[in-house]
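Chains as they are written, first to last, in this note's numbering: chain A, 1 to 159; chain B, 160 to 416.
One thing to keep in mind: the hints can contain errors.
[Stated by the list, open to error] DSS-like mimics (lysine-lysine), calculated; alpha carbons at most 27 angstroms apart, straight line: (1) B/K296 / B/K257; (2) A/K24 / A/K12; (3) A/K6 / A/K147; (4) A/K147 / B/K296; (5) A/K147 / A/K13; (6) B/K296 / A/K24.
No wet-lab data here; the hints were simulated from the structure.
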Amino acid sequence: MLENEKPSSLLKKMLPRIAMAVAKGVLYFVLFYALPVLVISQVSQFAPEIFTDYVQVLKVFAGVLIFFVVAGELTRGTIFQHALNVGKAIVLLVFFVLAFNGGVIDLSVQGIRIGVDLTVFLMMFITIDLIALARSLLQAISFMQGKAEEQLPAPQPVA
Amino acid sequence: MSMKTVIRALGWATYIFWIILLFFGATTAYSAFQLAHGFGFGEPRTSTSDGTVTMSLPLYINNVGFYDIVNMNLTTLIRDISGSPISDSSTFVQLIPKGQNSSMMHNITLNVNSMTSSQLSHLLFADSDLTVDASLKLDYARVIPLGISTNFTMPWGAPLHNLTIGHISMSGTHATVPFNFENHSFFELNGTMRLEIVDNLGQIVGQGTAPIIAPPQSGYWSSVDVAVSGDPANIRTARLYFQTSVFSYGPVVISLA
């Protein structure tokens, strides 16, 4: 366990994780924030009223993802990694419901009201998220099971 | 089945669902943007029959997207300035398959005869603004309900705008009653106007009929010849009755005193 190690060896062990966490954080920032914002800025030339509000939603989404991927990387190999995965699934579940406004989105562009029922997309997001949640829980159980098996006394040969 | 296998299977399921979601989302968004350029309106036409005026608006949809459009419903509700409904028209299309053109005619029917009711009779004599609530509802890709609505005002031209009776010229018991109005509407007024002259006792002392042929957006002047019984000095009011191909209305009471 990390808490039983000397500070120098702990730092040695943590440095690659920090590097990986930073790399993953940057990658997720590019994939989930920079690229979508670029696409939105191109598309929003046609109807800026529609897309500008969604940059804020995208910021929150990218922020949540980057936080969990960095924290998950730093706590890799511990129970906290699985706890964070469970937390991520629950936070994203709530986020999707809020971002999709319960599935029905109303917009107003130059006096024209547009209502879109995106319940089918929300259901797909929730399904994916619930599968991810179940997977994270099973991973946590599997991890704890492995730890418990490690602590069992080695079997003695029968005399 | 071991727990690790289940975890791996759930991992694959997540990836597969993400791929389906991203593919469906991307193709739907792309199709929606393409479809926005596929809508078009033609030149509206008007026709009149049996007290109704029908405005026909051709609508063309080129469904260049990847998915079908089903249950498309275009509705227009027209109200006068006080909110009284005048017309409620809708056009329904069951299916516009992907990659196909579809054209339809949205008929907005105005029952001008119903405008002769006390609530809407002002529309026969005074120009006004009408409020149009237009809405389009459809199911895109069969699973995404979409609704677009807007409202705007459009000018209404009164068919009997500025209806007035001019100076009555008497020749013995024979009266010539000039009248005029402006047909500001988009339909032709074709029919007759019956005139009753009423004295100060409320008795009809003369009546006559004149044909009316007033094209849209034009002024109309004519006169009615009436044989008046009794003393012309007792004439007080004129009652006008209109019988046209679009509406019947009367009496319009105009004081002659």
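Right, here's what the structure says about each hint:
no. : hint            : verdict
1   : B/K296 / B/K257 : holds (17 angstroms)
2   : A/K24 / A/K12   : holds (19 angstroms)
3   : A/K6 / A/K147   : holds (22 angstroms)
4   : A/K147 / B/K296 : violated (57 angstroms)
5   : A/K147 / A/K13  : holds (20 angstroms)
6   : B/K296 / A/K24  : violated (44 angstroms)
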